[in-house]
Amino acid sequence: MTGRVQHLGTDRLTALAFVVRAPQDDSAGSAEDQLAMTHVAGCDECSARFATLVTDADALRDVMAAATDELFDDAMLDAQRTRILDRLAHVGQAARVLVFPPRPREATMPVTSGSRRWISVAAAAGLIIGLVAGQMLHFLPAGTVPLRDDSVSIQAVERSGRPTIVPASATFLNLSDDELMEEVERAIEARRAPSLRAIDAFTPTATDLFGRGR
Amino acid sequence: MSGQPIEVAQRTSARTGDAIATPASVLAAEIKALVLAGERDVARDRFGSLVALLQRRALRIAYHYLRDAADADEAVQDAFVKVFLHMEQYREDMAFDAWFTRILVNACLDRLKSRHRQQRWISTPLDDVNDERPVEQAAATAPSTEHELLVRERWQQVLKAVATLPDRQRLVFTLSHLDERTAGEISEATGMSPATVRVHLFRAIRKLRGMLGDHR
Numbered sequence: 177m178t179g180r181v182q183h184l185g186t187d188r189l190t191a192l193a194f195v196v197r198a199p200q201d202d203s204a205g206s207a208e209d210q211l212a213m214t215h216v217a218g219c220d221e222c223s224a225r226f227a228t229l230v231t232d233a234d235a236l237r238d239v240m241a242a243a244t245d246e247l248f249d250d251a252m253l254d255a256q257r258t259r260i261l262d263r264l265a266h267v268g269q270a271a272r273v274l275v276f277p278p279r280p281r282e283a284t285m286p287v288t289s290g291s292r293r294w295i296s297v298a299a300a301a302g303l304i305i306g307l308v309a310g311q312m313l314h315f316l317p318a319g320t321v322p323l324r325d326d327s328v329s330i331q332a333v334e335r336s337g338r339p340t341i342v343p344a345s346a347t348f349l350n351l352s353d354d355e356l357m358e359e360v361e362r363a364i365e366a367r368r369a370p371s372l373r374a375i376d377a378f379t380p381t382a383t384d385l386f387g388r389g390r
Numbered sequence: 010m011s012g013q014p015i016e017v018a019q020r021t022s023a024r025t026g027d028a029i030a031t032p033a034s035v036l037a038a039e040i041k042a043l044v045l046a047g048e049r050d051v052a053r054d055r056f057g058s059l060v061a062l063l064q065r066r067a068l069r070i071a072y073h074y075l076r077d078a079a080d081a082d083e084a085v086q087d088a089f090v091k092v093f094l095h096m097e098q099y100r101e102d103m104a105f106d107a108w109f110t111r112i113l114v115n116a117c118l119d120r121l122k123s124r125h126r127q128q129r130w131i132s133t134p135l136d137d138v139n140d141e142r143p144v145e146q147a148a149a150t151a152p153s154t155e156h157e158l159l160v161r162e163r164w165q166q167v168l169k170a171v172a173t174l175p176d177r178q179r180l181v182f183t184l185s186h187l188d189e190r191t192a193g194e195i196s197e198a199t200g201m202s203p204a205t206v207r208v209h210l211f212r213a214i215r216k217l218r219g220m221l222g223d224h225r
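Protein sequences, first through last, are from chains A and B.
When we follow our numbering, the leftmost residue of the first sequence carries the number 177, and every step to the right adds one.
When we follow our numbering, the leftmost residue of the second sequence carries the number 10, and every step to the right adds one.
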């Protein structure tokens with residue numbers, strides 16, 4: 177009478193084919209696994225099934241590796257290696273950050289704390305000088321203000337023979353009304369102002385007006 | 010099959026030896042020394058060699074976890090940049106691969122969170138597009154016999170099944186199966202407890218086993 181042989185199940189054999197046959201460590205070298213492998217070694221049927229599963233496991237490994245190797249050929253590996261080294265070459269270099277939206281452009285003149293102090297002092301000094309000068313002008317009598325003698329006499333104009341705009345100067349301001357009007361009349365009667373004579377013809381002269389009044 | 014346990018033991022011991030001084034760990038220690046010496050430019054040049062060493066493996070993990078080539082590319086770049094920037098914190102007493110894997114997984118998680126935020130506002134049929142990509146590429150590679158096409162089609166179904174696993178299960182399965190990480194290493198890389206890693210792994214395998222072995 178022969179006892180019925182208890183064969184290993186497919187799950188168990190597959191696990192053995194994938195794990196126990198793999199390099200062992202504490203997980204694969206359990207007593208249970210060793211016992212199962214002892215059975216496989218002594219059982220033709222389990223041994224044959226196990227051999228098939230081991231072949232399949234190896235084939236699966238090759239297929240998985242081949243699937244990746246087809247995607248990443250040597251050229252791609254070289255390119256990837258170059259990219260890695262490029263990234264490492266740029267490590268530590270400060271990245272340039274583009275601000276978006278851009279900030280409004282500020283004054284380009286570099287302003288340091290020292291120059292800022294000098295600017296403040298100069299502005300304060302200018303203010304003080306301006307105030308003092310203003311006060312001095314205010315307190316001085318009007319007659320003492322020196323006036324620039326940029327007046328041009330009528331005679332000089334006539335001598336030059338050119339139409340000239342006579343600047344309004346302090347000389348005219350010091351004239352009386354009569355004297356001013358006479359100056360104007362003389363200017364009109366000058367040879368080089370014929371365009372004003374037509375207007376002058378319609379206008380009573382200062383001499384007529386003041387002469388009658390007197 | 011009697012030789013199977015011996016093979017397991019050999020692979021285990023070989024792996025234990027690798028974990029101490031892998032080429033990546035040696036290179037990382039050298040780069041760290043250069044960084045500490047202030048020779049950052051030289052360190053960066055050497056880092057290119059380290060990238061070349063780990064790049065493909067990193068892309069495999071990132072791609073199968075994220076299921077998007079562009080995201081995987083970005084995540085791997087971010088991970089390498091972060092590794093170099095924190096190279097001074099690398100401890101030579103631990104395997105560099107494990108440290109790097111942890112950083113890579115975090116970079117992938119960042120991408121995943123970013124994608125979820127985007128998908129909250131913009132509906133993109135990401136899964137459909139990416140799941141089809143390997144199939145399209147496989148079909149376009151070369152003419153083959155009917156049997157080969159059937160086998161390829163079957164494997165594409167398996168890949169789709171892997172791609173539709175929940176995020177954590179897919180991550181654990183990818184690290185365990187594709188990257189051949191132990192549960193302890195996966196626990197370190199993901200922050201999950203080893204027991205949780207095992208649970209996710211077995212659930213993932215259970216979902217996949219219907220397409221393996223018996224359907225051959």
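Please note that the accuracy of each hint is not assured.
To be verified - Okay, the calculated beta carbon distance ranges per label pair:
no.	chain 1	residue 1	chain 2	residue 2	range
1	A	F276	B	E39	21 to 31 Å
2	B	D54	A	E208	26 to 36 Å
3	B	E189	A	Q210	16 to 26 Å
4	A	R293	B	Q98	46 to 56 Å
5	B	Q98	A	D220	49 to 59 Å
6	A	D254	B	A46	26 to 36 Å
What the hints assert, rightly or not - Residues of chain B placed beyond 10 Å of chain A at every Cβ, according to the derived structure:
no.	residue
7	T31
8	A38
9	V60
10	W108
11	I112
12	L217
Think of the hints as simulated: they come from the structure by calculation, not from any bench.
Glycine is no exception: its CB is placed at the ideal position from the N, C-alpha and C atoms.
Worksheet item: Hint by hint, which ones does the structure fall short of?
Response: Failing hints, ascending: 1, 2, 9, 12.
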